[in-house]
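These protein sequence lines are chains S and H, in that order. Residues 1 to 377 in this note's numbering are what the first sequence spells out, letter by letter. Residues 1 to 377 in this note's numbering are what the second sequence spells out, letter by letter.
Some hints could be false.
Given that identical chains are not distinguished, each listed pair holds provided it fits within a single copy or across any two copies.
The calculated lysine-lysine pairs, modelled on BS3-like cross-linking and capped at a C-alpha distance of 25 Å, are [as the list claims (entries may be wrong)]:
(1) K100 - K160
(2) K78 - K373
(3) K249 - K53
(4) K78 - K233
(5) K285 - K228
(6) K167 - K285
(7) K12 - K100
(8) K160 - K285
(9) K160 - K249
(10) K100 - K23
(11) K83 - K244
(12) K23 - K244
(13) K12 - K285
(14) K244 - K337
(15) K373 - K100
(16) K23 - K163
(17) K137 - K285
(18) K167 - K83
These are calculated hints, taken from the structure and not from any lab test.
Protein chains: 2
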Amino acid sequence: MVHIDYSQLAEKYGTPLYVYDSKQIEDNIRRIARSLNYRHSTMYFAVMCNNHKNILSVIRRNGLGVQINSVHELQLVKKAGFKNSAISFTSTGISTDLMKTLIREGIRINLDSVEEVDKFCTLAQNRKFGVRIRIPKSISARSLQATNTNRHSHIGIEEKDFKSVLKMADAARNSITGVHGYFASNVLEMTPFQHYAPYMCTMASSFPDLEYVNFGSGFGIPYAPGQKAFDIKKILALFALHVKALSHKYDRPIELIIEPGRTILADAGSLLVQITNIKHLNSNKYEIAIDAGYAELARPLLYGSYHAITTVNTTHRQPVNYDIRGNTVLQNDFLGKNRMLEKVREGDYLLIRKVGAYGAVMASGFPGKEIPKQLFL
Amino acid sequence: MVHIDYSQLAEKYGTPLYVYDSKQIEDNIRRIARSLNYRHSTMYFAVMCNNHKNILSVIRRNGLGVQINSVHELQLVKKAGFKNSAISFTSTGISTDLMKTLIREGIRINLDSVEEVDKFCTLAQNRKFGVRIRIPKSISARSLQATNTNRHSHIGIEEKDFKSVLKMADAARNSITGVHGYFASNVLEMTPFQHYAPYMCTMASSFPDLEYVNFGSGFGIPYAPGQKAFDIKKILALFALHVKALSHKYDRPIELIIEPGRTILADAGSLLVQITNIKHLNSNKYEIAIDAGYAELARPLLYGSYHAITTVNTTHRQPVNYDIRGNTVLQNDFLGKNRMLEKVREGDYLLIRKVGAYGAVMASGFPGKEIPKQLFL
């Protein structure tokens with residue numbers, strides 16, 4: 001990571017300000033690519049975690065494809081110069097209109113339901129498509145930090161329906177050439193992935209025309225102190241092992257696909273904020289109000305998620321116990337609680353860390369704010 | 001409410017579409033005004049619940065003031081034609097810069113902390129201001145539907161600090177002329193308000209220069225079936241009773257202020273959406289995917305809140321048990337579960353009800369969408 005003078009940035013561009021470090025993004029991409037030790041691999045960047053054009057540009061320069069889930073994202077990635085062959089579409093509830101667009105553009109698509117397969121096969125013949133696999137609840141992240149889990153969802157097609165979708169595809173001379181899976185976001189545990197990898201490959205082997213297994217992502221990163229890094233190398237090796245076995249079985253190379261987002265972007269972005277007021281709560285405790293909150297960063301209020309908060313310009317002053325809250329009327333809008341920080345003053349700056357993914361893209365400006373600015377270094 | 005042909009609107013403007021009924025807004029304002037049976041009353045519309053210029057225009061035409069909590073909202077309401085005298089500012093963590101702006105513009109302001117009072121008194125003399133009162137946790141909404149409660153907050157100034165803020169004000173020849181209170185949003189229970197009204201007036205009587213008691217809002221509305229309407233008439237009568245007693249004590253009329261938002265707007269807005277896919281889950285159960293979700297309406301995912309969902313164009317078909325989910329990759333993005341609706345088809349429209357407040361203003365477009373359009377009838 002390059003040295004960044006955040007005070008200078010704050011004075012030049014104002015706060016709150018998302019600041020991204022492109023070099024860190026590229027380092028992350030290379031680290032994942034190196035761990036993906038299998039020749040027939042493809043990495044799609046999960047655009048949903050940050051769709052800013054400058055981010056997309058870094059992604060494209062580094063040779064990755066993009067995973068999208070809406071027509072709006074399709075427009076964004078095309079504008080950013082991605083070719084149709086570098087785009088993979090996976091969502092739920094695809095309408096007939098959107099399906100027509102995706103077919104016309106020849107975008108790689110993974111279908112979520114029997115009904116979507118039916119729709120596709122009515123609209124197109126002599127085409128390929130993938131199917132999303134229903135991941136059983138037994139393969140589920142249990143940690144509190146995991147978000148968007150499969151506990152209450154009916155995403156994907158159940159194994160019992162594979163025969164009927166194969167039949168639909170066959171009748172329309174389409175082939176089901178891939179499977180896609182996903183069970184949760186921001187998972188740090190190894191165990192669910194250890195069950196997930198063989199499960200996906202077992203499901204995949206129901207499809208005679210198989211060309212790829214798309215494991216999606218869900219790879220977590222350590223946000224809170226004491227959390228161990230997610231061992232992506234180990235998990236990717238496991239994916240490769242199972243896909244190699246599958247290739248052997250099919251007697252042709254099966255493509256291994258992953259769709260990381262958070263792992264590439266999270267630690268490459270910080271939210272630079274200014275302290276607007278410090279309220280004395282009791283002898284040892286202060287509440288810092290900053291010029292940002294839910295309006296700019298939804299994760300703490302939405303998920304209760306932890307983000308490290310650090311001071312800018314170390315002062316070697318005595319650490320003090322602070323709660324850090326948004327300066328809004330939302331009473332529960334805290335960015336962090338019981339954080340030991342070197343004593344700060346009104347006007348000082350703070351950095352909220354690891355917000356490159358699911359930060360700016362979730363900003364609503366609520367309440368009473370505008371969407372925050374983003375700066376790319 | 002006027003009759004609205006939603007199918008026609010959907011075809012003309014596209015979906016997802018927020019649709020507002022101005023007449024309903026005006027009816028709501030009149031109903032509250034009629035319940036506010038006290039001569040020296042002021043109603044500020046809580047801009048945070050919806051700051052669209054057309055809404056602000058209806059509010060202004062109906063003679064209400066506005067309650068704002070940020071400099072961005074200040075710009076919006078001034079642009080919408082509100083005079084400074086019709087604006088009240090209440091927030092937390094007000095920076096020195098923002099404080100200067102508010103003082104320069106002569107905006108009515110309620111200060112949240114001893115530190116803010118100190119800041120104000122350093123910057124201005126011979127001025128009036130109000131203070132926010134710390135509401136004890138014993139006065140708290142207990143219902144699940146209440147949001148933004150005071151359970152974990154340190155909003156407002158504690159009674160033990162009243163003497164010191166009075167002294168600061170006195171030293172700068174400023175007067176503390178009002179108190180402001182707030183303990184939660186969307187409260188349906190009467191009991192907390194029954195304790196809150198006398199508590200506020202007791203706290204207010206510590207301030208010899210008192211001119212107003214601002215009760216804020218927090219008034220709930222019934223979202224889910226079987227919920228009783230919040231008896232706003234009864235609560236406003238209680239507020240008036242206590243403020244009248246205070247007026248008697250001070251031997252001058254004390255102003256009673258309320259700041260409703262949801263009560264004015266919620267049931268005047270619907271989100272019009274289109275069904276993009278219907279997935280068969282099991283013999284009796286279907287999952288509807290629509291072209292909206294967390295991207296357009298955050299409340300269900302953020303708060304677990306209930307919104308009635310109705311079909312457009314009654315067909316007298318048999319009711320079916322539906323889950324209604326956003327067509328995104330967010331697995332837990334459900335707009336409603338186990339809703340009995342007349343059998344619907346892909347392409348049909350649905351209405352998500354009572355989203356006029358805290359609907360569009362909280363929309364982030366996440367994941368992969370744009371901010372929804374809004375239509376004003």
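Evaluated hints:
no. : hint        : in the structure
1   : K100 - K160 : neither (27 Å within a copy, 67 Å between copies)
2   : K78 - K373  : both (23 Å within a copy, 23 Å between copies)
3   : K249 - K53  : neither (41 Å within a copy, 63 Å between copies)
4   : K78 - K233  : neither (31 Å within a copy, 56 Å between copies)
5   : K285 - K228 : neither (29 Å within a copy, 41 Å between copies)
6   : K167 - K285 : between (66 Å within a copy, 24 Å between copies)
7   : K12 - K100  : between (47 Å within a copy, 21 Å between copies)
8   : K160 - K285 : between (58 Å within a copy, 17 Å between copies)
9   : K160 - K249 : within (22 Å within a copy, 76 Å between copies)
10  : K100 - K23  : neither (38 Å within a copy, 40 Å between copies)
11  : K83 - K244  : neither (28 Å within a copy, 71 Å between copies)
12  : K23 - K244  : neither (32 Å within a copy, 65 Å between copies)
13  : K12 - K285  : neither (32 Å within a copy, 56 Å between copies)
14  : K244 - K337 : neither (47 Å within a copy, 41 Å between copies)
15  : K373 - K100 : between (35 Å within a copy, 24 Å between copies)
16  : K23 - K163  : neither (47 Å within a copy, 55 Å between copies)
17  : K137 - K285 : between (43 Å within a copy, 19 Å between copies)
18  : K167 - K83  : neither (31 Å within a copy, 68 Å between copies)
Checked against the numbered hints listed earlier, the structure breaks hints 1, 3, 4, 5, 10, 11, 12, 13, 14, 16, 18; every other hint is satisfied.
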